[in-house]
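Undergrad: Chains as they are written, first to last, in numbering that gives the first Met the number 0: chain A, 0 to 679; chain B, 0 to 679.
One should not assume that every hint holds.
To be verified - Here are some of the chain A residues that sit facing chain B, going by a computed Cβ distance under 10 angstroms:
#, residue
1, V25
2, R26
3, H62
4, K403
5, W545
6, D548
If you are wondering where the hints come from, they were derived from the structure by calculation, not from laboratory data.
The beta carbon of each residue, even a glycine, is placed where N, CA and C say it ideally should be.
There are 2 protein chains.
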Amino acid sequence: MKPPHPGKACASGEARSAGLAGPPPVRVVIEGVEPEIDGGRFPAKRIAGDAMVVEADIFADGHDQLSAALLYRHQGEPEWREVRMEPLGNDRWRASFEVTRLGRYEYTIEAWIDRFATWREALEKKLAAGYDVESELLEGALLIEQAAQRAAGADAAWLRERALVLRGSAPQAARAELALRPDLAACMDRYPDRSGAARYDRILRVDVDRERARFGAWYEMFPRSCAAEPGRHGTLRDCEARLRYVASMGFDVLYLPPIHPIGTTHRKGKNNAPVCGPGDPGSPWAIGSVEGGHTAVHPELGTLEDFDRLVAKARELGIEIALDLAFQCSPDHPYVREHPEWFRWRADGSVQYAENPPKKYEDIYPLHFECENWPALWEELKRVVLFWIGHGVKIFRVDNPHTKPFAFWEWLLAEVRSQYPDVLFLAEAFTRPKVMKHLAKRGFSQSYTYFTWRNTKAELIEYFTELTRSESRWYLRPNLFANTPDILHEYLQSGGRPAFQARLVLAATLAGSYGIYGPPFELCETEAIPGTEEYAHSEKYEIRFWDLDRPGNLRDFIARVNQIRRENPALRFDERLRFYPVDNDQLLFYGKSTPDLDNIVLVVVNLDPHHPQSGWVEVPLDEIGLDPHQPYQVHDLLGDARYLWHGSRNYVALDPRTAPAHIFRVRRRIRTERDFDYFL
Amino acid sequence: MKPPHPGKACASGEARSAGLAGPPPVRVVIEGVEPEIDGGRFPAKRIAGDAMVVEADIFADGHDQLSAALLYRHQGEPEWREVRMEPLGNDRWRASFEVTRLGRYEYTIEAWIDRFATWREALEKKLAAGYDVESELLEGALLIEQAAQRAAGADAAWLRERALVLRGSAPQAARAELALRPDLAACMDRYPDRSGAARYDRILRVDVDRERARFGAWYEMFPRSCAAEPGRHGTLRDCEARLRYVASMGFDVLYLPPIHPIGTTHRKGKNNAPVCGPGDPGSPWAIGSVEGGHTAVHPELGTLEDFDRLVAKARELGIEIALDLAFQCSPDHPYVREHPEWFRWRADGSVQYAENPPKKYEDIYPLHFECENWPALWEELKRVVLFWIGHGVKIFRVDNPHTKPFAFWEWLLAEVRSQYPDVLFLAEAFTRPKVMKHLAKRGFSQSYTYFTWRNTKAELIEYFTELTRSESRWYLRPNLFANTPDILHEYLQSGGRPAFQARLVLAATLAGSYGIYGPPFELCETEAIPGTEEYAHSEKYEIRFWDLDRPGNLRDFIARVNQIRRENPALRFDERLRFYPVDNDQLLFYGKSTPDLDNIVLVVVNLDPHHPQSGWVEVPLDEIGLDPHQPYQVHDLLGDARYLWHGSRNYVALDPRTAPAHIFRVRRRIRTERDFDYFL
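Given the sequences, and given the hints that come with them, work out the whole structure.
TA: This is the structure we're talking about:
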């Protein structure tokens, strides 16, 4: 339904202080709109198919009845569509629309005094009080006649007829009865007088992504370590061969660290040694050599054709390839020669390398995003992204975005997404909370989080309550990496296999998006540089050969968890994560459900990797729609055991040597006619 | 200090999507500014002499050092003044300025990358790591030379000298030492490069009132009931005689219901009877008769000259007269005849009277604020306000502002306060929470609250936590009326004298502004129309004669409480109200303090008017700066008893028959040289 009178009136009825003239100021106030990020400066985020729920405080002086509409359109559409808002009580109103297309939608709110509803309510009260309502009926007739002028076709005539009756000489009671008929109210509601409507003074925005933006299991892997036999530099062809392995574990995204030529100048040696030894391959993040830069493939990995094959083969297996965007250069990068103006030149004539004194990263030159010819640099970096999109890449993991200007990302992401709204960007910003959030506001589809450093029950509850309940839930989508090439947390180092299992379950069920860095993860690799969370013999600086069949590996376990994720849509709804009580500080109990409660998942994780733990959980029967007087089944999808539970308090025990977690699907009892019970 | 480079850059560094050109976008982000009401749409409120504390999140990409300044000016001043902001950690910054003048101030924030501080920090780290810093010194010299160009007078030369040394041939260590000297950092900080500074994209506002806006004891009284002997219509001269009585109780504001001529058409009788009897005086809110309207004095009360005398005499006694602004008319008001277009005319040719079916208020015609000639009506109502200001009235209690357009109030209050910034308006809006808050946003200096209906411990804690800790504390100043001519709460009806005492202490100490409607309050009048909270024989409809010396009256008690209020500035700081634990649900324990903790008041109130109650309070020693190992004195200012307390847990007992509350002033132990203790 289109608004008959697109609101002309100003926002919240501000009176002109310089002289009073024209129509009287708007009386209706619209405020407290949600979602609205920083006064509308940034868009919210949603997934295609989502209901976009919008709420606002809407009220006016006095006691008049109000009506309100949520106006929305895909950006660029000339006309607003609209849906009426419903009052929730306490002057709060709500409506929603389905976001069906990718890209940007706009929305705002219009509200007006509903003179007919106001009149109708007063008429009802006066009739109840036994008043003479002759004047009321005449005033109602006028309102109906005015609506008839706004109405089209048959409605106009139908309304005029009713106005005539109200003005007529039939008994007052009969005319009043007609005036109060629901069909009249419904027709009047189609032609409201919106000439004095309040229009919210901001047009708000929501960016709509495909499902993968909120739900996906990521696997990170170094292609050069993928050779089928030790002692050889892995290639993209080896990666291709490894795809079945990755697919067998149920991953959706395969993320590769940079695949570009690696510089030789100041190349780092094994374990980040300042000088490399013969044959050391260098860090893939020291991008660029005589063989090319950000759009080239490292010759030892293969060719661009090999990459295209990898992308195509992965797609066949339901896997998307994600590339790393690390906008920095080795001293040998072609940019250094061709565009010296894109770097910072020191007073001593050298180029500024990356440093954090006393640490020096002489193998890496940062780009100078504020250089004089910054537009050329920015355009070139956009070209890099478009180049890889041209080769089938739709997901980018962005390295250290917090060390490049926010405005650059906002521009780049908007430019790319205006052409390719299905492209996703994951921000690898391990930095201060407000900076992380701000990058998400500027447009990143997903964000790395502090998850790896949140290991106790209190830490997890506090952090995930913030992520899923605070305002940041409108724009920041967490992607939980259980480990990365940079982070092997002490909890994993000391907890061994049960710790890896617990962290996998947490990552895979606390958020729709999660990832591991393999094979070290599924092989439960715990060897770190002592006293640090750095992997020993890190793949960042050397080629590793991994025995994928190492005893105790988690391949089957991970496959099971990823299957559970795919089969239970509840796990896609991060905003619906809730923590529930359990009387043991080593047990974490939480749940997620689909909005319609069709799929309910409850998870219990034993955070103690060394000892069995048990306790009484409190199931939120009310919240998940369970009858307190009926038994229900919790089906442990991990172990495939089924338990019959009654009421809210139930007992759980988890031994880390066998299973550090339950992932329960809640099944309601269905009683058949023949008194045969089953659980759905 | 004036900013050398008033920020030209755009707000938060939004990149232009349509082509990249010009200087690179601003890198610094300013967000999360507090106070900021509805994105800056409404001003905050402060009292002259207050520190206006402003906070914001300020950060940039990367690791550069930042500087920030809070810019402020009284509205109309051409130049910003500024004060540097200090980092609080977690990217939060704070600064404050003193608001000294009444009226409106503006403020905003500018922040920039502090290149010298960034350079200096890196230099320090590199020296500590033993690097060669030759290039760093040359780069520092350049920064200093650039600052010298921005510098004035001696500073410029002084800076150039230092740059020369840095470029010179002295040993590197000596030059580095000079480069790091604090005097150089201080001088550089006076001439920052703010060419790429971020300016917050909103100019925020704060309205500054005089002290009475947040601190004052109000006394409401019907002049016509002030006659010295029964059976006579009281006059303004009688009021004058009553002033000493009001002053003796320590009140600051004497608020009079409307003093204008009262209409006779449809005049209400005693106890709101639809028809009046002979001699019934009518409701003072049915304003206007042949004797005049809103700028006239009811002849039976006296003359305008009498009113002027009353204002002057009150002023001598330290009392301000507050008038009622009830923008509505009796059918006999001159406006009805002279400006029929200012009213709503019904289809049957009658004027719309006030009604809430089945209730009819035929003695009152609402004004039609949206009538065709609304500007003339609005201007006339402004004239009414200015008229009374001309007669010395600086405080108005506004009757039912929520039934008139918000825009009207915003316009009227702004118009009046632009001429008379010392004029205050109290909103009598007993309506829905968001409407109450919105009226405060639009400019009301103070607001009636739900206080009369918050009587249990849980209700009081919840409501006052909301009033003093939520965002509304920036703009809504509560004025707690313990009773009004419309509200004699059941708690008072059934609780008798101890209930009146408890509610008085609560009102007088929970908020800086409070009021009572007397003499019924101090006489502990409990007679209500059964089953309602309406006074029986309400003064709204008849003249009452009150025996001020009635036994059990609270005159001395009120005088004591008001004296305590005047002597303890802690009670002026509503935002510093905190509730503390006490293990008895009938005891409420809370405190207030001055920002410097010079004055600390702790209050315990027994909410049970019928039984003695006792319990253990927990004094927040840390919060109020008490040494847990030292005794301290709590001096009950109500009963003048002194108790020596130790540690946080202490015992209190309150018998409603003697004293339903303690108002403790906390006195610290001072140990003299001769080991003689006293308490300050």
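Undergrad: All hints, please: hold or fail.
TA: Against the structure, the hints:
1. V25: OK, holds: V25(A) within 10 angstroms of chain B, min 7 angstroms.
2. R26: For R26(A), the interface hint holds, since the closest Cβ of chain B sits about 5 angstroms away, which is under 10 angstroms.
3. H62: holds, 8 angstroms
4. K403: For K403(A), the interface hint holds, since the closest Cβ of chain B sits about 6 angstroms away, which is under 10 angstroms.
5. W545: violated, 35 angstroms
6. D548: Interface hint status for D548(A): violated (44 angstroms vs cutoff 10 angstroms).
In the structure shown, a violation is registered for the earlier hints numbered 5 and 6, in ascending order.
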